[in-house]
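**Student:** Protein chains in written order, with my numbering: chain A, 1 to 309; chain B, 1 to 249.
Hints listed in this document are in silico derivations from the structure and should not be mistaken for laboratory results. Glycine included, every Cβ here is placed at the ideal spot set by N, Cα and C. Check the hints yourself; a few may be wrong.
Claimed, not checked - To be clear about the criterion: a stretch of chain B counts as covered by chain A if any three or more of its residues have a C-beta under 8 Å from a C-beta of chain A, and this derived list gives those stretches:
hint	region
1	149 to 160
2	215 to 228
To be verified - Now the in silico label distances, taken between C-beta atoms and shown as ranges:
hint	chain 1	residue 1	chain 2	residue 2	range
3	A	Ala141	B	Ala224	31 to 39 Å
4	A	Leu309	B	Gly53	53 to 61 Å
5	A	Asp187	B	Lys20	47 to 55 Å
6	A	Lys215	B	Thr152	42 to 50 Å
7	B	Ile230	A	Asp208	29 to 37 Å
8	A	Tyr214	B	Glu228	30 to 38 Å
9	B	Arg226	A	Ala141	32 to 40 Å
10	A	Arg202	B	Gly23	30 to 38 Å
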Amino acid sequence: MSVLVIAEHNNAQLNAATLNTLAAAKEFGSEIHVLVAGSGAADVAASAAEADGVAKVFHADSAVLEHQLAENVAPVVAAIATNYTHVLAPATTSGKNILPRVAAVLDVQQISDVIAVISADTFKRPIYAGNVIATVKSSDAVKVMTVRTTAYDPVSASGGSAEVVAIADVTDASLSSFVGEELAKSDRPELASASIVISGGRGMQNGDNFELLYKVADKLGAGVGASRAAVDAGFVPNDMQVGQTGKIVAPDLYIAVGISGAIQHLAGMKDSKVIVAINKDEDAPIFSVADYGLVADLFTAVPELDAAL
Amino acid sequence: MKVLVAVKRVVDYNVKVRPKADGSNVELANVKMSINPFCEIAVEEAVRLKEKGVATEIIAVSVGPKACQEQLRTALALGADRAIQVEVEGDVEPLAIAKLLNGIVSEEKPDLVVLGKQSIDGDNNQTGQMLAALAGMGQGTFASEVTVEDGTVAVTREIDGGLQTVKLQLPAVVTTDLRLNEPRYASLPNIMKAKRKPLEVKTPADYGVDTATRVTLVSVEPPAERKEGIKVADVAELVDKLKNEAKVI
Ligand SMILES: Cc1cc2nc3c(=O)[nH]c(=O)nc-3n(C[C@H](O)[C@H](O)[C@H](O)COP(=O)(O)OP(=O)(O)OC[C@H]3O[C@@H](n4cnc5c(N)ncnc54)[C@H](O)[C@@H]3O)c2cc1C
Ligand SMILES: Nc1ncnc2c1ncn2[C@@H]1O[C@H](COP(=O)(O)O)[C@@H](O)[C@H]1O
Chain A
1 MSVLVIAEHN NAQLNAATLN TLAAAKEFGS EIHVLVAGSG AADVAASAAE
51 ADGVAKVFHA DSAVLEHQLA ENVAPVVAAI ATNYTHVLAP ATTSGKNILP
101 RVAAVLDVQQ ISDVIAVISA DTFKRPIYAG NVIATVKSSD AVKVMTVRTT
151 AYDPVSASGG SAEVVAIADV TDASLSSFVG EELAKSDRPE LASASIVISG
201 GRGMQNGDNF ELLYKVADKL GAGVGASRAA VDAGFVPNDM QVGQTGKIVA
251 PDLYIAVGIS GAIQHLAGMK DSKVIVAINK DEDAPIFSVA DYGLVADLFT
301 AVPELDAAL
Chain B
1 MKVLVAVKRV VDYNVKVRPK ADGSNVELAN VKMSINPFCE IAVEEAVRLK
51 EKGVATEIIA VSVGPKACQE QLRTALALGA DRAIQVEVEG DVEPLAIAKL
101 LNGIVSEEKP DLVVLGKQSI DGDNNQTGQM LAALAGMGQG TFASEVTVED
151 GTVAVTREID GGLQTVKLQL PAVVTTDLRL NEPRYASLPN IMKAKRKPLE
201 VKTPADYGVD TATRVTLVSV EPPAERKEGI KVADVAELVD KLKNEAKVI
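Can you build the whole structure from these sequences, using the hints too?
**Tutor:** Take a look at the structure:
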């Protein structure tokens with residue numbers, strides 16, 4: 001029996017999160033298949049076939065799959081899922097949207113945010129905003145799980161030469177339709193894969209002041225994130241939120257600026273290799289996870305940092 | 001239009017939960033319990049739909065021990081009209097909760113079901129999607145805007161890349177994200193009034209649902225400790241440490 005990984009993509013490119021998920025799939029030591037469900041996504045299927053360790057790629061190509069609507073993608077996954085011991089998707093908003101719908105159809109209790117595979121049926125996952133790591137054991141026939149991508153280094157995007165098999169059986173569930181999207185356009189690295197992230201909180205005071213962080217980010221090649229308070233206040237868009245209910249990041253260097261360090265924020269960044277905190281309150285909880293803490297007014301410290309780089 | 005809202009009783013978001021000494025489970029003795037923040041947002045959204053004249057009745061549902069009636073009373077004080085508790089002791093998984101909610105959906109036939117996107121204890125982010133699958137409904141997950149019109153609901157969703165808007169046929173399932181609304185506080189008169197609103201108690205057997213768990217908790221442990229950090233005196237020292245000690249820039 002083999003393992004199925006649901007590819008994340010935008011019909012043009014395979015998202016890097018898929019490569020992290022493949023690394024988790026390798027832990028089971030069996031053959032790995034990838035499902036690419038999309039519209040005109042032949043290039044994605046070809047990339048998936050080249051990824052290290054992939055033995056077979058199923059490609060479902062249909063206009064009704066263009067926007068990855070869960071109502072249309074889930075039946076495609078469910079139709080082949082029972083051929084597998086494990087079905088994995090990255091714990092991205094797309095994976096989180098689609099996979100529980102698959103699990104319910106299969107009558108399986110999904111395991112979310114897996115950070116370690118202990119055995120074929122036993123896994124570790126964070127609960128309570130990462131304050132506790134649970135070891136859980138599944139008795140379901142097919143294990144359906146999302147993978148926390150920061151817990152796994154990506155497999156190589158090349159080296160494989162899997163065959164691509166078309167899946168023809170796709171229907172429109174006629175429950176939902178795509179209306180539109182507003183995608184953030186940025187030349188900076190994506191938060192999920194950036195090796196340096198600099199984030200601002202309520203201490204930034206407004207959106208314009210984030211310019212200070214963008215300048216430093218551009219010198220370091222960093223991605224820019226934010227706390228929930230900064231997003232709620234409208235300083236920056238929602239896709240920048242780091243935390244329990246936002247994005248989970250684990251870069252080599254995380255710089256928290258004007259962020260107090262609430263449990264929910266720490267949940268999204270405390271596995272970063274090196275953490276820097278810049279905050280004017282020496283008792284701010286963020287200092288308890290910081291390797292290097294600087295007690296200072298950010299409006300003097302950040303321009304100084306910019307100048308020093 | 002009838003709206004069903006699912007609310008969960010969870011450890012308050014301000015509590016830092018720790019494993020028990022024997023690692024068998026988390027320590028939950030004497031910790032403050034509250035309504036899951038995302039569920040509070042779900043109740044608020046339903047109440048706003050009623051205030052706009054879109055919704056006519058709001059039913060709040062919770063699955064759990066008798067104590068979860070406290071959270072149902074909170075939902076009633078915020079504006080729900082009646083409540084249903086499905087009484088279950090011990091852990092119930094999202095799949096079983098989705099099945100119970102589906103049983104209630106079959107009986108009540110709501111036009112819209114609103115859930116939180118995630119419970120902040122188990123961090124599962126599953127129940128709404130599972131319910132949508134079981135009930136054969138469309139799902140608008142991680143909603144930051146919900147507009148009901150002409151037998152459909154338009155949902156703006158917070159996704160990794162930004163925002164996406166989908167349109168769903170009613171009946172449909174919506175799960176709330178943080179920016180959908182800011183929940184109100186229940187007023188004292190409304191808290192008093194909530195005590196007299198109807199609250200029905202049901203059991204899983206009423207819906208023919210087996211709540212036995214499929215995933216067992218083997219053990220819990222604290223996350224890896226970070227090593228003690230240092231305070232640097234100024235930006236120059238910070239840059240020096242990052243370059244020469246941590247070697248990350
Ligand atoms: C259900 C739920 C989910 C949540 N999910 C998330 C999540 O995913 N991510 C998240 O981040 N939060 C989340 N939160 C919110 C979290 O609890 C905190 O409210 C939030 O993280 C606070 O953001 P902050 O640190 O920017 O703001 P604050 O707590 O207000 O901190 C601002 C900090 O800036 C410092 N400061 C101010 N001015 C200056 C200056 N001039 N120079 C230097 N320092 C300065 C202050 O000393 C303070 O420490 C969630 C909350 C709930 C209830
Ligand atoms: N025990 C429960 N009773 C009622 N609703 C629940 C329960 N558990 C989860 N839910 C609903 O499902 C949402 C998502 O929870 P979860 O899938 O556990 O992350 C919650 O915000 C609730 O709206």
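**Student:** Please go over all the hints and tell whether each is borne out by the structure.
**Tutor:** Consistency of the hints with the structure:
no.	hint	result
1	149 to 160	holds (count 5)
2	215 to 228	holds (count 11)
3	Ala141/A <-> Ala224/B: 31 to 39 Å	holds, 33 Å
4	Leu309/A <-> Gly53/B: 53 to 61 Å	holds, 56 Å
5	Asp187/A <-> Lys20/B: 47 to 55 Å	holds, 48 Å
6	Lys215/A <-> Thr152/B: 42 to 50 Å	holds, 45 Å
7	Ile230/B <-> Asp208/A: 29 to 37 Å	holds, 32 Å
8	Tyr214/A <-> Glu228/B: 30 to 38 Å	holds, 32 Å
9	Arg226/B <-> Ala141/A: 32 to 40 Å	holds, 39 Å
10	Arg202/A <-> Gly23/B: 30 to 38 Å	holds, 36 Å
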